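K.L.:
Residue numbers (this note's numbering), protein chains in the order written: chain A, -12 to 252; chain B, 68 to 329.
For the record, the hints were derived by calculation from the structure and aren't laboratory data. Treat the hints with care, as some may be off.
[Unchecked claim] Below, computed lysine-lysine pairings styled on DSS-like, alpha-carbon distance capped at 25 Å:
1) B:Lys228 - A:Lys98
2) A:Lys109 - B:Lys313
3) A:Lys128 - A:Lys107
Only a predicted model underlies this, so the values are computations on that prediction, with no experimental measurement involved.
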Amino acid sequence: MNYTKNEVLIDVKEVNLTYDKVILRDINFRIQNIVRPGMNQGQVVSLIGRSGIGKTQLFKILAGLVKPNSGTVMVGVDQHPVEAGEVGIVSQNYILFNHRSVHDNLRLAMKHDSLALNDKDKDALIADYAQRFALEEHLKKYPLQLSGGQRQRVSIIQQVLTGNRFILLDEPFSGLDALMIDRVMELLTQVATLHELNTLVIVSHDVENSLAISDTAYILAKEKEKEGATITETLDLIEMGLAWNAGIREDSRFQQLVSQMKHKI
Amino acid sequence: MDTIRKIFSPLTQIKGRTSITLVVMEATAALVAWELFGQHGLIPTPSKILMAAWKIVTSAFFADNLFSSLALTFTGMGISIVVALLVSYLSLIPVFAPVARFIVKCRYLTLTGLIFLFTLLTQDGHQLKLSLLIFGIVPFFVTSLLSIIDAINVQEYELCKTLRMNNWQTLWEVVIVGRLDQVFEVMRQNFAIAWMMITMVEGLSMSEGGLGTMLIKSNKYIDLGTVFAILVIIFALGVFFDSVLKHLRHWLFPYTKLQTRA
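Given the sequences, and given the hints that come with them, work out the whole structure.
P.N.:
Next up, the structure:
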């Protein structure tokens, strides 16, 4: 595969988090801009770990919502410390403002000062995304009138519309049937390829689906006789020839990898 | 047959028409039984109460008394909701939080012991009634409003941060605009408290009249037919306003209908 890994977009260094016990220990990983000729190739990275391992805490640290006890999270091409609002989050239960219509929820994402668009352009952009993600018919509805899949799409688009290039997704495959999982994967691939720097970080315990969509995966687990979770394994799925392939789940090498990883988390 | 089985089965949901039929039938049965077996009792029968109610409603003084009670209730409610909202929203600013917590505890203060103090502080009977009504309602309002604020999911605040809102914008979006429908519901629930208190505070100064004054006067002369008739009027008006506020809430905040059905 013809690709290069260029500048660092997210750099997590020596992150430690302790409450009454050690939650996260020495977390180190980096996400680089993957460049493929002739296309916008965004990044899809998975942080895989079992339930209760500290994924949500790491998720919040990456989003700038929780400060670690030590260590840094640098984001962007200029590598500055992350601040809340720079990294979009799509929570597991797809939080939206229930008192606003879908259109108004999306419009709210473009209210901040750094977006220099007039009202007409903002509405045109919403209409464009709604059309791309099959939400045209639902713009006037309230979030409570949407299905789980529709809410998830609105949540993701809301974060895209803020202009954030980094989006964290907490358990995006949780509670979905096989057909919906395929659709979510299509959606995430679509979002990742909207812009060269778009970077999706999936935090999940679902090994198979997370690996199937990612170009890189980090396994978050506990090491023997050590407190707190850390990155125990890094999988470069591009190098392994297991990335960017919609039918990868049929591949026996992929299935073998999934099986191995299930035992490691 | 199936319907009859359903209405005796626990945890069964019955739909609109059946539910209304059930209410009408049970109410009719209760009224008929009361009419038949209450002829020689202390409590007047429904027909006597109805006649007394009709006499009151068609009397010249009723409209004045009703208007007096309604004006006092709505003024009291209006001022109370403004004060309670102000206190509740300000409670999110740490320096004001203790004030809100203290007002919540004021629910346990009895009004009776404070009447003398309020009499000294106010200039006339109207002000006295209004102040007592407000003092009586505000702690309940604030308690309900603070519980709404406490129940807000932390993820909503986090969403605001990811949408690059500052703390004031977050307060506006999540706490103020986002919870207006619930504030309205609190207002509806507390209207019942205000409506109940009205009869009590109207007894403190009878010069302006009111349904409470009518009730107290009838009680004094043990005119039970009139007492029950006034109670029925107060009850019917309360239920009417409750229904109006409920429909107004659904009309103003259409998404609340979805939450009710969910």
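K.L.:
Each of the hints needs a verdict: does it hold here or not?
P.N.:
Right, here's what the structure says about each hint:
A distance of roughly 12 Å separates the Cα atoms of Lys228 of chain B and Lys98 of chain A; the hinted pair therefore holds under the 25 Å criterion. With a C-alpha separation of about 36 Å, the suggested pairing of Lys109 of chain A with Lys313 of chain B is violated against the 25 Å cut-off. Note on Lys128 of chain A and Lys107 of chain A: the hinted pairing holds, with a Cα-Cα distance of about 20 Å set against a maximum of 25 Å.
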